[in-house]
Amino acid sequence: MERPLLVYTTFPDAETALAIGEELVRGRLAACVNVLPGMRSVYAWKGAVERGEEVVAILKTREGLADSLAAALRQRHPYETPIILHLATSGADPDTASWILAETGG
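Add 20 to the 1-based position in the sequence shown for the numbering used here, that's all there is to it.
It should be emphasised that the hints constitute simulated quantities derived from the structure, not laboratory data.
Remember, predicted model here, so these are calculated numbers, not experimental data.
From the three backbone atoms N, C-alpha and C, an ideal C-beta is built for every residue, glycine too.
Heads up, some of the hints might be wrong.
[Unchecked claim] Restraint ranges, calculated between C-beta atoms of paired labels, are given here:
| hint | residue 1 | residue 2 | range |
| --- | --- | --- | --- |
| 1 | L105 | K66 | 32 to 42 Å |
| 2 | D115 | E83 | 15 to 25 Å |
| 3 | G67 | D113 | 36 to 46 Å |
| 4 | G67 | G125 | 37 to 47 Å |
| 5 | G58 | Y99 | 17 to 27 Å |
| 6 | L105 | R71 | 19 to 29 Å |
| 7 | W119 | V69 | 34 to 44 Å |
| 8 | K66 | D113 | 38 to 48 Å |
| 9 | E123 | A91 | 13 to 23 Å |
| 10 | Y28 | G111 | 11 to 21 Å |
| 11 | A86 | P32 | 15 to 25 Å |
| 12 | E42 | D115 | 34 to 44 Å |
| 13 | P102 | R71 | 17 to 27 Å |
Construct all of the structure, not just a fragment, from the sequences and the given hints.
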């Protein structure tokens, strides 16, 4: 069975994250997108240290969709350089893994 994959990214606000997340779920690139508002960030960008407010999004998908999901995120994302981190899972509850695979066409 193909393994589940978590994808971590950030957005400028919850509405943007939810709208893009819904597109990705409807397109079966992700089974679920969790949006966690209220994150404050300190980051280096183009030689300066910046601060900002963002939201975290964690996308539940499968390993075989990693490249397609990353491409879809880059295409829709408002950031010049979106953060897209693939977080491999070392295990998953069988029912959870089956659900992710079923909802992403796996």
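Cross-check of the supplied hints:
no.: 1; hint: L105 with K66: 32 to 42 Å; verdict: violated, 20 Å
no.: 2; hint: D115 with E83: 15 to 25 Å; verdict: holds, 18 Å
no.: 3; hint: G67 with D113: 36 to 46 Å; verdict: holds, 44 Å
no.: 4; hint: G67 with G125: 37 to 47 Å; verdict: holds, 43 Å
no.: 5; hint: G58 with Y99: 17 to 27 Å; verdict: holds, 18 Å
no.: 6; hint: L105 with R71: 19 to 29 Å; verdict: holds, 21 Å
no.: 7; hint: W119 with V69: 34 to 44 Å; verdict: holds, 41 Å
no.: 8; hint: K66 with D113: 38 to 48 Å; verdict: holds, 42 Å
no.: 9; hint: E123 with A91: 13 to 23 Å; verdict: holds, 19 Å
no.: 10; hint: Y28 with G111: 11 to 21 Å; verdict: holds, 18 Å
no.: 11; hint: A86 with P32: 15 to 25 Å; verdict: holds, 24 Å
no.: 12; hint: E42 with D115: 34 to 44 Å; verdict: violated, 24 Å
no.: 13; hint: P102 with R71: 17 to 27 Å; verdict: holds, 18 Å
Of the numbered hints stated above, those contradicted by the structure are hints 1, 12, listed in ascending order.
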